[in-house]
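*Asks:* Could you put together the complete structure from these sequences and hints?
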Amino acid sequence: MARLIFAFVAGGLFGAGLFVSGMTDTTKVQGWLDVFGNWDPTLAFVMGGAMIPMALAWLVAQRRRSSVLGTPMPPKPSTEIDRKLVLGSVMFGMGWGLAGLCPGPSIAAISYGGAGLFIFLAAMLTGMAIAPFLRARLDKPVPAE
Amino acid sequence: MEMDWIWGLVGGLLIGSGGAAYLLVNGRIMGASGIIGGLIDGSAGNTKWERLAFLVGVALLPVVLTPIYREVNTHITDNIAVLVAAGLLVGLGTRIANGCTSGHGVCGMSRLSLRGFAATAVYIVTGGVGVVLFRHLLGVI
Numbered sequence: 001m002a003r004l005i006f007a008f009v010a011g012g013l014f015g016a017g018l019f020v021s022g023m024t025d026t027t028k029v030q031g032w033l034d035v036f037g038n039w040d041p042t043l044a045f046v047m048g049g050a051m052i053p054m055a056l057a058w059l060v061a062q063r064r065r066s067s068v069l070g071t072p073m074p075p076k077p078s079t080e081i082d083r084k085l086v087l088g089s090v091m092f093g094m095g096w097g098l099a100g101l102c103p104g105p106s107i108a109a110i111s112y113g114g115a116g117l118f119i120f121l122a123a124m125l126t127g128m129a130i131a132p133f134l135r136a137r138l139d140k141p142v143p144a145e
Numbered sequence: 001m002e003m004d005w006i007w008g009l010v011g012g013l014l015i016g017s018g019g020a021a022y023l024l025v026n027g028r029i030m031g032a033s034g035i036i037g038g039l040i041d042g043s044a045g046n047t048k049w050e051r052l053a054f055l056v057g058v059a060l061l062p063v064v065l066t067p068i069y070r071e072v073n074t075h076i077t078d079n080i081a082v083l084v085a086a087g088l089l090v091g092l093g094t095r096i097a098n099g100c101t102s103g104h105g106v107c108g109m110s111r112l113s114l115r116g117f118a119a120t121a122v123y124i125v126t127g128g129v130g131v132v133l134f135r136h137l138l139g140v141i
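Protein chains in written order, with full-length UniProt numbering: chain X, 1 to 145; chain L, 1 to 141.
Treat the hints as calculated values from the structure; they're not laboratory data.
Hints should not be assumed to be uniformly reliable.
What the hints assert, rightly or not - Listed next, the in silico DSS-like pairs over lysine-lysine satisfying Cα-Cα at most 30 angstroms (straight line):
no. : chain 1 : residue 1 : chain 2 : residue 2
1   : L       : Lys48     : X       : Lys84
2   : L       : Lys48     : X       : Lys76
3   : X       : Lys140    : X       : Lys76
4   : X       : Lys140    : X       : Lys84
Predicted model, so just to flag it, every value in this text is computed and none were measured.
*Replies:* In structure tokens form, the structure reads like this:
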């Protein structure tokens with residue numbers, strides 16, 4: 001039960017942050033990406049601001065084996081830059097630029113995004129359902145010449 | 001408009017505090033695409049309810065804050081083809097790359113993860129190319 005309550009609190013902070021920072025406004029996200037248009041630097045402040053508490057949390061996490069609630073801490077990150085990371089990020093970047101939405105804001109804006117947001121969400125969830133099949137294909141080694 | 005960067009910074013600190021709490025209290029990485037995707041493809045296992053509780057928080061706090069906030073508008077496009085294509089690309093891409101702006105960006109880069117920096121560089125550059133291509137060259141967004 002404590003895990004659910006704290007997950008809700010963490011999600012609430014995340015949702016509140018996405019909301020007040022303007023990151024659920026697609027014009028602000030596309031404005032950051034549009035270097036040849038009316039460039040909007042807000043996203044850099046959001047990302048920078050978010051990394052401050054997060055970096056401190058990682059410093060604390062390094063000294064601990066388990067979380068406050070006794071669950072194990074995440075393992076050390078992989079350093080492998082494989083084609084899944086690159087290809088997936090290319091696809092994500094294209095979609096992010098096209099609509100100005102990434103997964104977090106698409107949930108945060110659910111109460112005021114209207115029909116357009118629900119169409120985006122339905123397509124995103126479909127993509128997430130298909131992804132494991134594409135991942136499995138990409139896991140296969142590249143055939144030699 | 002001139003105050004936008006302050007709101008950005010305040011919002012960013014809130015986002016990072018959420019990520020810090022999720023890591024230190026629950027022992028989990030706050031990556032939105034992973035939290036949602038795990039529920040969709042069935043890989044969530046016994047973390048299903050924890051993920052749902054997180055997402056309820058994400059969706060609910062804006063509802064609570066809406067009456068006291070200056071402007072609430074996503075300005076989302078009404079072009080259905082663009083919405084479907086973008087949604088599919090975001091869903092597929094984030095799950096293939098195993099992370100999005102929150103997982104690879106906020107959580108990954110703040111622990112100096114090489115994969116976090118690489119993914120973020122790729123999706124920001126591609127996103128920029130996408131906006132320039134679809135807005136300035138093709139005029140569809």
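*Asks:* Mind listing which of the numbered hints don't hold for this structure, in increasing order?
*Replies:* none
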